[in-house]
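Colleague: Here is what each chain is made of, one letter per residue.
2 protein chains.
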Amino acid sequence: MTEEKVHEKFMVEALKQAQKAFDAGDVPVGAVVVYENRIIAKACNQMVLLKDPTAHAEIIALTQASETLSRQTENHRGSLEKATLYVTLEPCLMCAGALINTKCPHLVFGAHDPRAGACGSLYNAVQDDRLNHRLQVKHGILAEESRFLLKEFFRNLRKEQR
Amino acid sequence: MTEEKVHEKFMVEALKQAQKAFDAGDVPVGAVVVYENRIIAKACNQMVLLKDPTAHAEIIALTQASETLSRQTENHRGSLEKATLYVTLEPCLMCAGALINTKCPHLVFGAHDPRAGACGSLYNAVQDDRLNHRLQVKHGILAEESRFLLKEFFRNLRKEQR
Numbered sequence: 001m002t003e004e005k006v007h008e009k010f011m012v013e014a015l016k017q018a019q020k021a022f023d024a025g026d027v028p029v030g031a032v033v034v035y036e037n038r039i040i041a042k043a044c045n046q047m048v049l050l051k052d053p054t055a056h057a058e059i060i061a062l063t064q065a066s067e068t069l070s071r072q073t074e075n076h077r078g079s080l081e082k083a084t085l086y087v088t089l090e091p092c093l094m095c096a097g098a099l100i101n102t103k104c105p106h107l108v109f110g111a112h113d114p115r116a117g118a119c120g121s122l123y124n125a126v127q128d129d130r131l132n133h134r135l136q137v138k139h140g141i142l143a144e145e146s147r148f149l150l151k152e153f154f155r156n157l158r159k160e161q162r
Numbered sequence: 001m002t003e004e005k006v007h008e009k010f011m012v013e014a015l016k017q018a019q020k021a022f023d024a025g026d027v028p029v030g031a032v033v034v035y036e037n038r039i040i041a042k043a044c045n046q047m048v049l050l051k052d053p054t055a056h057a058e059i060i061a062l063t064q065a066s067e068t069l070s071r072q073t074e075n076h077r078g079s080l081e082k083a084t085l086y087v088t089l090e091p092c093l094m095c096a097g098a099l100i101n102t103k104c105p106h107l108v109f110g111a112h113d114p115r116a117g118a119c120g121s122l123y124n125a126v127q128d129d130r131l132n133h134r135l136q137v138k139h140g141i142l143a144e145e146s147r148f149l150l151k152e153f154f155r156n157l158r159k160e161q162r
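In order, the protein sequences belong to chains A and B.
Residue numbering for the first sequence follows the numbering used here, starting at 1 and increasing by one per position.
Residue numbering for the second sequence follows the numbering used here, starting at 1 and increasing by one per position.
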């Protein structure tokens, strides 16, 4: 399988999570964490469900992944060396910061977020030489599918608010 | 009571939390969230305890505060309008992002963090006109006390590692 196909395979799983958020009335963003070629955590946005504006898909998936790896490895402090975060939308500042703090080395995202993206759009925090960790970033994987879900969500929201 | 004295009063509570982290072997940073002149959430760093690199004092305190306010108010989505976060050390990117996402309007911190601070040092993310929320920031409150605890912690760590 080519690298591109591998990325698409895991992004499809992230998109399924985004669809779950959509169905629950939450902003449709989904994320999975992959470690040694298998998914160890998946999550969707749960801001509305949990009434918690910090409950972004990335944060929940990264925390789950830390927990999983800590259980498996003694003396592990929950950092995510060798893992990859797949997420349907470019991470915001909070999630970019979480990627840096967990020392996750790889990020693959779908659509850019021109309003709040911190991994290339407004900031490129995950590739800042002044910080003690930098990530390799790949973007544009199934971006159209991600954007379609987001557009649908906000179109419905505007209809409801009329 | 002058504004400065009020800030000091709440920062003393944040420092108590930092001391708790210190005693538990965690990087000594503490935070409290104040709403209508009373503390509604307090937390210390729990990265070592929870083996979770995202378990910063600020994130835990903000999430707690969101939960508290959501319980008290119907249709509340957990945003922190009218609240103030007091924290002993300048927030990192992740925590600055969380402050923006929770729409917390006020931040008071103790010491600057020249290596990772995102509220004036490396970035000033909480006062970025391109984002949809900006905070009022006050710093330097009991900064010496905060720095003292941090220095002690890292001095002990170096001793152990010898």
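Errors might be hidden in some of the hints.
You can't tell identical chains apart in this list, so a pair holds if it fits in one copy or across any two.
[Said to hold, decoys possible] In silico DSS-like cross-links for lysine-lysine, where the CA-CA straight-line distance does not exceed 27 Å: (1) Lys82 <-> Lys51; (2) Lys138 <-> Lys9; (3) Lys51 <-> Lys9; (4) Lys138 <-> Lys16.
Calculated directly from the structure, the hints in this document are not laboratory data.
Colleague: Checked against the structure, which of the hints given earlier come out wrong?
Modeller: 3
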